[in-house]
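Below, each chain spelled out in residue letters.
Number of protein chains: 2
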Amino acid sequence: MYSLSEDYDTLRTLDNNQLRQAIRTSKYEGHTAGLAAGFLQANVIILPEKYALDFMRYCQRNPKPCPLVGVSETGSPLMHTLGSDIDIRSDVPHYSVYRNGEMSETVTNISNLWADDFVAFAMGCSFTFEDALVRAGIPIWHIQNNKVVPMYRSSIDTCEAGPFGGKMVVTLRAIPADRVDEAIEISRRYPMAHGAPVHIGDPSLIGLDDLSKPDWGDSPAPVGDSIPVFWACGVTPQNAIIRAKLPITISHTPGCMLITDIDDQAEVTVFGNKSPNYS
Amino acid sequence: MYSLSEDYDTLRTLDNNQLRQAIRTSKYEGHTAGLAAGFLQANVIILPEKYALDFMRYCQRNPKPCPLVGVSETGSPLMHTLGSDIDIRSDVPHYSVYRNGEMSETVTNISNLWADDFVAFAMGCSFTFEDALVRAGIPIWHIQNNKVVPMYRSSIDTCEAGPFGGKMVVTLRAIPADRVDEAIEISRRYPMAHGAPVHIGDPSLIGLDDLSKPDWGDSPAPVGDSIPVFWACGVTPQNAIIRAKLPITISHTPGCMLITDIDDQAEVTVFGNKSPNYS
Chain A
4 MYSLSEDYDT LRTLDNNQLR QAIRTSKYEG HTAGLAAGFL QANVIILPEK YALDFMRYCQ
64 RNPKPCPLVG VSETGSPLMH TLGSDIDIRS DVPHYSVYRN GEMSETVTNI SNLWADDFVA
124 FAMGCSFTFE DALVRAGIPI WHIQNNKVVP MYRSSIDTCE AGPFGGKMVV TLRAIPADRV
184 DEAIEISRRY PMAHGAPVHI GDPSLIGLDD LSKPDWGDSP APVGDSIPVF WACGVTPQNA
244 IIRAKLPITI SHTPGCMLIT DIDDQAEVTV FGNKSPNYS
Chain B
4 MYSLSEDYDT LRTLDNNQLR QAIRTSKYEG HTAGLAAGFL QANVIILPEK YALDFMRYCQ
64 RNPKPCPLVG VSETGSPLMH TLGSDIDIRS DVPHYSVYRN GEMSETVTNI SNLWADDFVA
124 FAMGCSFTFE DALVRAGIPI WHIQNNKVVP MYRSSIDTCE AGPFGGKMVV TLRAIPADRV
184 DEAIEISRRY PMAHGAPVHI GDPSLIGLDD LSKPDWGDSP APVGDSIPVF WACGVTPQNA
244 IIRAKLPITI SHTPGCMLIT DIDDQAEVTV FGNKSPNYS
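Chains A and B are the protein sequences, given in the same order.
Our numbering puts the first residue of the first sequence at 4, with every later residue one more than the last.
Our numbering puts the first residue of the second sequence at 4, with every later residue one more than the last.
Rather than coming from a laboratory, the hints here were simulated on the basis of the structure.
Because the structure is a prediction, the values reported are computed rather than measured.
Hints are supplied without guarantee of correctness; some may be wrong.
[Stated by the list, open to error] Label-pair restraints from in silico Cβ distances: (1) 41(A) with 246(B): 52 to 60 Å; (2) 181(B) with 147(A): 37 to 45 Å; (3) 102(B) with 106(A): 43 to 51 Å; (4) 188(B) with 87(A): 26 to 34 Å; (5) 270(B) with 215(A): 43 to 51 Å; (6) 222(A) with 246(B): 39 to 47 Å.
Positions of the beta carbon are idealized from the N, C-alpha and C atoms, including for glycine.
Just chain A, with the same shape it has in the complex (with noise of 0.2 Å):
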């Protein structure tokens, strides 16, 4: 059993497919944040087929907060074009299940619960552009302190699709006002990880009246001199399925995401997508 607290420093050096078997036998149950570097991560939402187009249509029509990565065959847990060998009732860490739009319990495996109807749907994070943004020298306060980031439930309308709509939920990234434009140009060839922000400046503009508050994650440190930059986030969704009160729902824990076979800088998000001599 790993502890992040006492093992981050062993769990760094697990690639892929180890932190994965890891974390589908429960040694590990803990947060993904700077684990199996250079591989894509992704958000989860599970939920059964007769939600799945409309929440398909929500995803393209908020590719920022919802850039769908991957989406499973109706009842098969394995993501097949995500990786070799990954079982979705297993290879998340920690998962929250969703009753008539409420959290009932947080589980680390839902074999006992998956369903012949159920879709398992990834979406990109923001991990990968922090990454590039990190290694661009932008400072990046959470990371740097080892915090989770700010997640905040803001003003701005997601398109609604059926059932699915609502508030969009944002991340904070306090940016040197001469490194913001920068930032936007990384982000933004990221679209898969949320691209460039939805929001740069002024917190009450998209309904945020304190950032010492994060609905999610931790608190920041104050912006001082810096730039407030907000980017979609991928609780979007779950904000989403709160909302649309569906008997069930399963979605990863905030943090705690699923780690994929995809290398982080791939454009194309299909595990064994290859040309024969460009890719």
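Following the hints, position chain B against chain A.
For chain B alone, kept in the frame of chain A given last:
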């Protein structure tokens, strides 16, 4: 009634709404290359809802040939996420109707075929990245010579979903050797318009032995000293629906695209998508 050859200069003066109105009223029934400049044009597939979830999976798994830019509600012909007044029954210049996998007719209006269970899909098209290549001064032979880009059924397999699969259709552009890297970089910026190339160089590696005989479009000039560069093509899903042998499917006729209200430089292809002070 406009004719492409006689009224091209007049047609080019029409904005997206005027051109769509001319198409809706069957005053124009031709190709849309070079028209309604600055607005996203789209490939179209319409099929019964029964197959819609698998078709969306197919698009998600093959984002280069099938970059989804819009999906209608079931039974609604109004593509409200692509513009303020788009009726998919009348707003495509020419439609191809497929029955049981065979092309049965081409028509300019599908109002009499529309059914309550139809779902319409719009996919980005190469005009967007071609414009960017031309603006960068990269010579594109078929544009300079007013021809339709040559399209070929390659040997590259697409990733299957339900009844949908088959080979990828690709387009050819011969690019001067010293501009190939730039062409890759520019086109990769447009993930909603097929992105970076899928193959560069020897055509026989993707099953193409005679470039002078494309499966669709016009024959190209000999490649000469340039490098043959192949991009994924939005005709790929037409190939997939022929193979799937659905009772009915309707597509645009290659080259005769849907004109949308979306800025063709937009990161998010959703009409009215605006953040408070940043987009």
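Hint check:
{"no.": "1", "hint": "41(A) with 246(B): 52 to 60 Å", "in the structure": "violated (36 Å)"}
{"no.": "2", "hint": "181(B) with 147(A): 37 to 45 Å", "in the structure": "holds (42 Å)"}
{"no.": "3", "hint": "102(B) with 106(A): 43 to 51 Å", "in the structure": "holds (48 Å)"}
{"no.": "4", "hint": "188(B) with 87(A): 26 to 34 Å", "in the structure": "holds (31 Å)"}
{"no.": "5", "hint": "270(B) with 215(A): 43 to 51 Å", "in the structure": "violated (30 Å)"}
{"no.": "6", "hint": "222(A) with 246(B): 39 to 47 Å", "in the structure": "violated (54 Å)"}
Of the hints listed earlier, those the structure fails to meet are numbers 1, 5 and 6, in rising order.
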